[in-house]
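Novice: First to last, the sequence lines map onto chains E and F. Numbering-wise, my numbering puts 517 at position 517 of the first sequence, and it's gapless, one number per residue. Numbering-wise, my numbering puts 423 at position 423 of the second sequence, and it's gapless, one number per residue.
No wet-lab data here; the hints were simulated from the structure. It should be emphasised that the depicted structure is a prediction, and the values quoted were computed from it without experimental measurement. Please note: incorrect hints may appear among the correct ones.
What the hints assert, rightly or not - One side only, chain E facing chain F, incomplete, derived with CB under 7 Å:
no.: 1; residue: Pro165
no.: 2; residue: Val166
no.: 3; residue: Val179
no.: 4; residue: Leu491
Where is the CB? At the ideal position from N, CA and C, for every residue including glycine.
Below are the chains, spelled out letter by letter.
Protein chains: 2
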Amino acid sequence: MLRTHTCGELRQEHAGQVVRLCGWVQRSRDMGGLTFVDLRDRYGITQLVFNMEGNAPLTLEARKLGREFVVAASGKVAERSNKNPKMPTGDVEILVDSFEILNESKIPPFTIEDNTDGGEELRMKYRYLDLRRNVNKKNLELRHRMAIETRNYMNDQGFIEIETPVLIKSTPEGARDFVVPSRMNAGQFYALPQSPQTFKQLLMVAGFDRYFQLVKCFRDEDLRADRQPEFTQIDCEMSFVTQEDILSTFENLAKHLFRKIKEVDTGDFHRMTYDRAMLEYGSDKPDIRFGMTITELNGVVKGKGFKVFDDAELVAGINASGCSEYSRKQLDELTDWVKRPQVGASGLVSIRFGADGTLKSSVDKFYTPEDLKIIAEKCTAQPGDLILIMAGKKEKTQTALGTLRLEMGKRLGLMDPAVFKPLWVTNFPLLEWDEETKRFYAKHHPFTSPVPEDIPLLDTDPGAVRANAYDLVINGVEIGGGSIRIHNRDLQKKMFSVLGFTDEQAQEQFGFLMNAFEYGAPPHGGIAFGFDRWCTIFGGGESIRDFMAFPKNNSGRDVMIDTPSSISEVQLKELNIKLVNP
Amino acid sequence: MLRTHTCGELRQEHAGQVVRLCGWVQRSRDMGGLTFVDLRDRYGITQLVFNMEGNAPLTLEARKLGREFVVAASGKVAERSNKNPKMPTGDVEILVDSFEILNESKIPPFTIEDNTDGGEELRMKYRYLDLRRNVNKKNLELRHRMAIETRNYMNDQGFIEIETPVLIKSTPEGARDFVVPSRMNAGQFYALPQSPQTFKQLLMVAGFDRYFQLVKCFRDEDLRADRQPEFTQIDCEMSFVTQEDILSTFENLAKHLFRKIKEVDTGDFHRMTYDRAMLEYGSDKPDIRFGMTITELNGVVKGKGFKVFDDAELVAGINASGCSEYSRKQLDELTDWVKRPQVGASGLVSIRFGADGTLKSSVDKFYTPEDLKIIAEKCTAQPGDLILIMAGKKEKTQTALGTLRLEMGKRLGLMDPAVFKPLWVTNFPLLEWDEETKRFYAKHHPFTSPVPEDIPLLDTDPGAVRANAYDLVINGVEIGGGSIRIHNRDLQKKMFSVLGFTDEQAQEQFGFLMNAFEYGAPPHGGIAFGFDRWCTIFGGGESIRDFMAFPKNNSGRDVMIDTPSSISEVQLKELNIKLVNP
Numbered sequence: 001m002l003r004t005h006t007c008g009e010l011r012q013e014h015a016g017q018v019v020r021l022c023g024w025v026q027r028s029r030d031m032g033g034l035t036f037v038d039l040r041d042r043y044g045i046t047q048l049v050f051n052m053e054g055n056a057p058l059t060l061e062a063r064k065l066g067r068e069f070v071v072a073a074s075g076k077v078a079e080r081s082n083k084n085p086k087m088p089t090g091d092v093e094i095l096v097d098s099f100e101i102l103n104e105s106k107i108p109p110f111t112i113e114d115n116t117d118g119g120e121e122l123r124m125k126y127r128y129l130d131l132r133r134n135v136n137k138k139n140l141e142l143r144h145r146m147a148i149e150t151r152n153y154m155n156d157q158g159f160i161e162i163e164t165p166v167l168i169k170s171t172p173e174g175a176r177d178f179v180v181p182s183r184m185n186a187g188q189f190y191a192l193p194q195s196p197q198t199f200k201q202l203l204m205v206a207g208f209d210r211y212f213q214l215v216k217c218f219r220d221e222d223l224r225a226d227r228q229p230e231f232t233q234i235d236c237e238m239s240f241v242t243q244e245d246i247l248s249t250f251e252n253l254a255k256h257l258f259r260k261i262k263e264v265d266t267g268d269f270h271r272m273t274y275d276r277a278m279l280e281y282g283s284d285k286p287d288i289r290f291g292m293t294i295t296e297l298n299g300v301v302k303g304k305g306f307k308v309f310d311d312a313e314l315v316a317g318i319n320a321s322g323c324s325e326y327s328r329k330q331l332d333e334l335t336d337w338v339k340r341p342q343v344g345a346s347g348l349v350s351i352r353f354g355a356d357g358t359l360k361s362s363v364d365k366f367y368t369p370e371d372l373k374i375i376a377e378k379c380t381a382q383p384g385d386l387i388l389i390m391a392g393k394k395e396k397t398q399t400a401l402g403t404l405r406l407e408m409g410k411r412l413g414l415m416d417p418a419v420f421k422p423l424w425v426t427n428f429p430l431l432e433w434d435e436e437t438k439r440f441y442a443k444h445h446p447f448t449s450p451v452p453e454d455i456p457l458l459d460t461d462p463g464a465v466r467a468n469a470y471d472l473v474i475n476g477v478e479i480g481g482g483s484i485r486i487h488n489r490d491l492q493k494k495m496f497s498v499l500g501f502t503d504e505q506a507q508e509q510f511g512f513l514m515n516a517f518e519y520g521a522p523p524h525g526g527i528a529f530g531f532d533r534w535c536t537i538f539g540g541g542e543s544i545r546d547f548m549a550f551p552k553n554n555s556g557r558d559v560m561i562d563t564p565s566s567i568s569e570v571q572l573k574e575l576n577i578k579l580v581n582p
Numbered sequence: 001m002l003r004t005h006t007c008g009e010l011r012q013e014h015a016g017q018v019v020r021l022c023g024w025v026q027r028s029r030d031m032g033g034l035t036f037v038d039l040r041d042r043y044g045i046t047q048l049v050f051n052m053e054g055n056a057p058l059t060l061e062a063r064k065l066g067r068e069f070v071v072a073a074s075g076k077v078a079e080r081s082n083k084n085p086k087m088p089t090g091d092v093e094i095l096v097d098s099f100e101i102l103n104e105s106k107i108p109p110f111t112i113e114d115n116t117d118g119g120e121e122l123r124m125k126y127r128y129l130d131l132r133r134n135v136n137k138k139n140l141e142l143r144h145r146m147a148i149e150t151r152n153y154m155n156d157q158g159f160i161e162i163e164t165p166v167l168i169k170s171t172p173e174g175a176r177d178f179v180v181p182s183r184m185n186a187g188q189f190y191a192l193p194q195s196p197q198t199f200k201q202l203l204m205v206a207g208f209d210r211y212f213q214l215v216k217c218f219r220d221e222d223l224r225a226d227r228q229p230e231f232t233q234i235d236c237e238m239s240f241v242t243q244e245d246i247l248s249t250f251e252n253l254a255k256h257l258f259r260k261i262k263e264v265d266t267g268d269f270h271r272m273t274y275d276r277a278m279l280e281y282g283s284d285k286p287d288i289r290f291g292m293t294i295t296e297l298n299g300v301v302k303g304k305g306f307k308v309f310d311d312a313e314l315v316a317g318i319n320a321s322g323c324s325e326y327s328r329k330q331l332d333e334l335t336d337w338v339k340r341p342q343v344g345a346s347g348l349v350s351i352r353f354g355a356d357g358t359l360k361s362s363v364d365k366f367y368t369p370e371d372l373k374i375i376a377e378k379c380t381a382q383p384g385d386l387i388l389i390m391a392g393k394k395e396k397t398q399t400a401l402g403t404l405r406l407e408m409g410k411r412l413g414l415m416d417p418a419v420f421k422p423l424w425v426t427n428f429p430l431l432e433w434d435e436e437t438k439r440f441y442a443k444h445h446p447f448t449s450p451v452p453e454d455i456p457l458l459d460t461d462p463g464a465v466r467a468n469a470y471d472l473v474i475n476g477v478e479i480g481g482g483s484i485r486i487h488n489r490d491l492q493k494k495m496f497s498v499l500g501f502t503d504e505q506a507q508e509q510f511g512f513l514m515n516a517f518e519y520g521a522p523p524h525g526g527i528a529f530g531f532d533r534w535c536t537i538f539g540g541g542e543s544i545r546d547f548m549a550f551p552k553n554n555s556g557r558d559v560m561i562d563t564p565s566s567i568s569e570v571q572l573k574e575l576n577i578k579l580v581n582p
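Assemble the whole structure, with the sequences as input and the hints as a guide.
Specialist: Shown next, in the form of structure tokens:
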């Protein structure tokens, strides 16, 4: 090695040793006859000292070192007179007696500091410099530790990691596939997997019983919010299990990661059905770090002449604790906020429960103080609270109230990032009706099994069928989901038919799976976790991008290497395709 | 769990316990009043017993169980009277008192046995059944253990695993890329990585100092021999290192895997320069489990009137120990063998060193017994040996002799599969001249650094420049290769120019890397191992396919899922491409 130690490991006990360090110049300072250079590597920063009195030529050379120069420096470790308790290496410095510039550096386009002056576009273009920043380094280190802990835990539980192929087959169901033209099979294409779903099920048919894989998956979607065209899953499947076995196995994985990575003991995870989550939290991924649950008010508000409420399918409210002193202006602003298309509410009714016990609402015309008192009781409001009520179609109102609940939780500081409240959501609906295409879609995917007692409903009322499916939610973020799968050919055929597939289409696209079910498929189920998201939650980050080494931007571009890009005519010709002008 | 135990764990000490097992019917036998069913899962086989006397209806039901039916069976563990010492569970059987058919099975298209009656095409179509065979299961288990041991070892050495992107940029240098049309960037394409080479170098520039990744790579090549369009590498890179640091770090990784997986202590690895490997073994990946090295004979055979030898650039031979009694027919067959285009020799001269000490050759006309004796001495031949000589252009003759050496080694049983002889080959040439395109190509890749003292030769004699590059060879198979990289922008530019790139081309394709070199790139180097191949060697297999869960065939097809396949007009339109009839 060109170094004897890293820039993070020298301590007082090394004083007197002759060492050689390699790293990048973080900063340098001239103080009278002394020049100090902070040398940085992956492990830390160590202070180099040059002394005009001791070695003037060397010190003059050192003064020429620019930021981000790569340097190898040799010298003796000395105890500092002026210790820096903020740095692990702050007790020592290196009295340099020789150094070598291993590479120079131009002035970086932004400062390599936690609080950098570089905007996102610039940092992405120079991602290799952005990654030198401590915050990004820590994120990738966290990701590495998460991966290695996950793998060792799964291995200890008897799971085997098996690599499934990346060049697979395009299927029209689900999100859009990325495709890869085949040169050897003219006019034909591979697709990149959105998940290894069918392969892991085939591995169960093959008898592998406990499979997992940390695996890249791909979706050609428009990249709103926090999506990336390629992302990583912890993909898992087990045979001979019930839903309970899966929940407990993966609750234990999650607890292990909480303990190892976050040093947190979460206790047993909460569980909630989908219906209750929608009813009380207006969301299928409730943040249960705080209450403020939704209260149905149909029974107590209807029939009092307030048409908005009388006509509504659902009237419901939340109780914002301690907010009775919200000003008119604040309430108007909140009303505007819920009317934005992202929330989509038609309005907001408020009832202040004054600290003096009086109740005042924006609909006093229709409700007596006695009526308001009943509403307040129903919402378990106390003096000093503010009740916020919405009305309209059931699901839309639930969702809007759920969104308002999160906003109030944020404003009231109820979402402590240091608190983790994992939650299993169960009993999802199997199917979702799509008004536009007038057909059912699978809420999870077409391989999810119905709750056995609901199977007859597939013929009579498909929308009411509950799935043997579950999600893991942490602090309002869905980090994983799965199901017990169908392992019976006839039921799988039935499912495809409910989804509008003809037998021929089902056979063409998923024939290999249905054939496999004829040769002794075991009962099986599994789960897949969004690894990028899980890392982001554990790292306390805002975006999954911050936990990927080389993410793409919102147009799916890597601005550093400048891709996607054009390819040559020769390549197009070999692939038997040509471009169409858009 | 639907089971209390696996089919591999019950022993005599469990006798008397009531258990429930799940698995597949391997076979069943009716013996008078008793019916035996072997139940198989991932962990082993356990014998189930049904007794007509004890429970006739149950036994009659059990007799209907077909091969590969999935069954859950409950009963008491009993010590067998007739123990089977060949099976870990052979001391016990289960006296079944109830069972349930979890799924039926059609008769499988081939037998699920180590020696199956299914041909490769059929087994690949039903790969999920093929994988039930013990041999394939063991291969994937070995692969998993290799991966987890590699990761933990690398982690212990301070390496961090970082995922690099799969959707990258197409570059014309090297093998053919698979490409992915971008929907959001019309007319543009991503490429799938042939290796994460430039990304891992950028991670070194970013300061990550010790990186590794088990990563899928892709090459759109014609699939001769043992190639697959997607394969897995153990990809590694380090900063602030010399070649010696890399060799010792990864020799230690390999030794660790030998110990953990093969329980073999190989001792320190041999090392050999490329020149010596070519000279003595006629190969850049010598199998050093046996000697039979090549001896140059120019000095002792020329000038005796034998034109073939006199005109040849190189005359050289190997000594096949104990083969003096080869018949005329055997020698003719060997001569035909070396004349095949795969070997490409023009002929073969043989000298028998009889057990009685006499020397007889096929060129006695030109060489006296005294001449033959000198040749034999030079080849260190003993009575009973057979010397085989070739002549012609230097490299071609070396390679042909190397191929003959391997063939003779195989015929003489010198390649013991239980013996492992790892070897580092060093000092490869940096460049290879291509007669067809009249230009130099990088022997490894364009980022490999020259041996420093050879840098001036880049201007005067590029073909003579040695690379700071190395391969790891085990038993004649190259399982890894790497180099110290160029980390200086000017040298990288020079390299591209030697390879025939204009400055503009170099900037367009690799500008991001050359720019990165301007911002403090550290000295760095690395290595990449072919993970599939390494598993194949350790597993004693013939083909890397046997160590992949779902490999493709020689036409790049997955015959199980039937891909590549056509995609819809809608998809093509969204991607702004259309098909051209080939």
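Novice: Can you list which hints this structure breaks, lowest number first?
Specialist: Failing hint: just 4.
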